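S.K.: These are the residues of each chain, in order.
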Amino acid sequence: MNNNIKSKINEALYNFYLEADESVINDSLKNDIPNLDEYNKKKKQIIFLAKAKAKQQQNAYLKELVDKFIDAINENIEKPVAVLKQLIQGNPSFALYRNLDKLSNDDIIEIIKDKNLVELLEQLEENDKSH
Amino acid sequence: MNLTEAIQSVDMDKVIDRMNAYAISHLKSVGAKNFNGKEPIDFVGEVILKVMEGKRDWTKAQCSFTEFLLGCLKSEISNFFKTHKNIYDNELLDIPSSEHSSTDEDKRNQVFELLKQEGADDNELLIFEYWVDGITKPNEIAKDLGIEVKEVYNIIKRLVRRLPKIQTQVTNII
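Here the protein sequences line up with chains R and U, keeping their order. This note's numbering puts the first residue of the first sequence at 49, with every later residue one more than the last. This note's numbering puts the first residue of the second sequence at 784, with every later residue one more than the last.
Where hints are given, some of them may not hold.
[Stated by the list, open to error] Residues of chain R clear of chain U, computed beta-carbon distances all greater than 10 Å:
(1) Phe64
(2) Leu77
(3) Gln106
(4) Ile121
(5) Ala130
(6) Gln134
(7) Ser152
[Unchecked claim] No farther apart than 25 Å at their CA atoms in a straight line, the calculated lysine-lysine pairs in the PhoX-like style are these:
(8) R:Lys91 <-> U:Lys833
(9) U:Lys821 <-> U:Lys797
(10) U:Lys838 <-> R:Lys101
(11) U:Lys920 <-> R:Lys78
(12) R:Lys101 <-> U:Lys821
(13) R:Lys101 <-> U:Lys811
(14) U:Lys838 <-> R:Lys163
(15) U:Lys843 <-> R:Lys103
(16) R:Lys111 <-> U:Lys920
(17) R:Lys161 <-> U:Lys899
(18) R:Lys54 <-> U:Lys843
(19) R:Lys91 <-> R:Lys111
(20) U:Lys843 <-> R:Lys89
(21) U:Lys920 <-> R:Lys92
(22) U:Lys843 <-> R:Lys163
(23) U:Lys899 <-> R:Lys56
(24) R:Lys99 <-> U:Lys833
(25) R:Lys78 <-> U:Lys843
(26) U:Lys811 <-> R:Lys56
(27) U:Lys838 <-> R:Lys111
(28) U:Lys940 <-> R:Lys56
(29) U:Lys940 <-> R:Lys78
(30) R:Lys90 <-> U:Lys833
(31) R:Lys54 <-> U:Lys948
(32) R:Lys78 <-> U:Lys797
Since the hints were derived computationally from the structure, they do not count as laboratory data. Just so it is clear, the structure is predicted and the values come from calculations on it, not from any experiment. Even glycine gets a Cβ: it sits at the ideal position worked out from N, Cα and C.
Only chain R is shown next, with the shape it has when bound in the complex (with noise of 0.2 Å):
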C-alpha cells in the first residue's frame, strides 16, 4: 500500500482535472494564482511559442520530405517515387501530372501538407533502411 495511497490519489487529481468542467477549473484557478495578470501573460507567451514551434517543426519536416522525394525523382529511387505518385494521384490539382521531373519544392509541399508527415518520413526511413 505504501506508495499507492499516494499514487491513487495523484491518480484521482489527474482524472478531476481532466474531467472537470470549464467552471469548476475557473472557480480553482480563481483561488489559487495570486497575480492574474501575470500568469495571463506567462499564458500568452507560452501559446505563442508554442505555435510558432509546431510552425517550426512542421516546417522542417516539409523541408527533409521534399528534400527526400527530390532525392529519389532524381536517382529514380523506386519506393518513395511510389509513395509520390500514390500521394499525387490522391490530389485533384494534380491527380493528372504526370512528369514527376517538373515538379518544383513548392508543388511537392502543396501535395504532402496535409498528410501525416511524421508517418510519411517513416515511410521513407524505413526504405532507406532497406536499401
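Mind docking chain U on chain R? Use the hints.
M.R.: Leaving out everything else, chain U in the frame of chain R:
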C-alpha cells in the same frame, strides 16, 4: 493529426488553465513549498514546449491532445520529484513520523481520521474511499452513486482543498 493541427484543434487558453489547475493541485498535494523557484505555470510551459519540440511524441498517442498534454504534465511533475527526492524528503521529514508498523487498513483509517479532523464531511470521505479503492474517475463514481457528476466535482473540489493540509502527516503515514 500533426502538431500544428492538434494545437489548432483545441482552445490552448483553456487547456493551459486546466493543466495549471492540475499542476497547482498536484504540487500542493506534495506538501513542499518551494519547487526550485518554479511556479506551476512554468511546469506547464516546459511540458508544452517539450511536446512541440517532439521530445514527447504526440504522433504515437491514442488519446485526445488535451489528455496527452495533461498526461505529460503528470509524468513531468513526478519526474521532478524523483530527481529532487532528497530535497523534498528532508523537508517532509521535519515532522516526526509514527506508526511505521501500521497495517494497510490502519494507514487508511489514519488518513480518514486526518481528513475528519480537517473537517471533511461524509461525502468527502466517501469519495476518498472510492479513490483508495482505485475508482478515481469522477464519472465512474457518479454512476456508481447514481448522482450527477457535477455533485461529485463539487465534493472533490472541497476534498482537494483539504488534501494539502494533511499532506505532511499523510506522507509520514503512507
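S.K.: So, for every hint listed, does it hold in this structure?
M.R.: Structure-based check of each hint:
no.	hint	result
1	Phe64	violated (5 Å)
2	Leu77	violated (6 Å)
3	Gln106	violated (5 Å)
4	Ile121	holds (24 Å)
5	Ala130	holds (23 Å)
6	Gln134	holds (19 Å)
7	Ser152	holds (22 Å)
8	R:Lys91 <-> U:Lys833	holds (16 Å)
9	U:Lys821 <-> U:Lys797	holds (21 Å)
10	U:Lys838 <-> R:Lys101	holds (12 Å)
11	U:Lys920 <-> R:Lys78	holds (24 Å)
12	R:Lys101 <-> U:Lys821	holds (22 Å)
13	R:Lys101 <-> U:Lys811	violated (30 Å)
14	U:Lys838 <-> R:Lys163	holds (21 Å)
15	U:Lys843 <-> R:Lys103	holds (19 Å)
16	R:Lys111 <-> U:Lys920	violated (43 Å)
17	R:Lys161 <-> U:Lys899	violated (58 Å)
18	R:Lys54 <-> U:Lys843	violated (29 Å)
19	R:Lys91 <-> R:Lys111	violated (30 Å)
20	U:Lys843 <-> R:Lys89	violated (32 Å)
21	U:Lys920 <-> R:Lys92	violated (31 Å)
22	U:Lys843 <-> R:Lys163	holds (15 Å)
23	U:Lys899 <-> R:Lys56	holds (19 Å)
24	R:Lys99 <-> U:Lys833	holds (13 Å)
25	R:Lys78 <-> U:Lys843	violated (35 Å)
26	U:Lys811 <-> R:Lys56	holds (16 Å)
27	U:Lys838 <-> R:Lys111	holds (20 Å)
28	U:Lys940 <-> R:Lys56	holds (16 Å)
29	U:Lys940 <-> R:Lys78	holds (13 Å)
30	R:Lys90 <-> U:Lys833	holds (17 Å)
31	R:Lys54 <-> U:Lys948	holds (15 Å)
32	R:Lys78 <-> U:Lys797	holds (14 Å)
Of the numbered hints stated above, those contradicted by the structure are hints 1, 2, 3, 13, 16, 17, 18, 19, 20, 21, 25, listed in ascending order.
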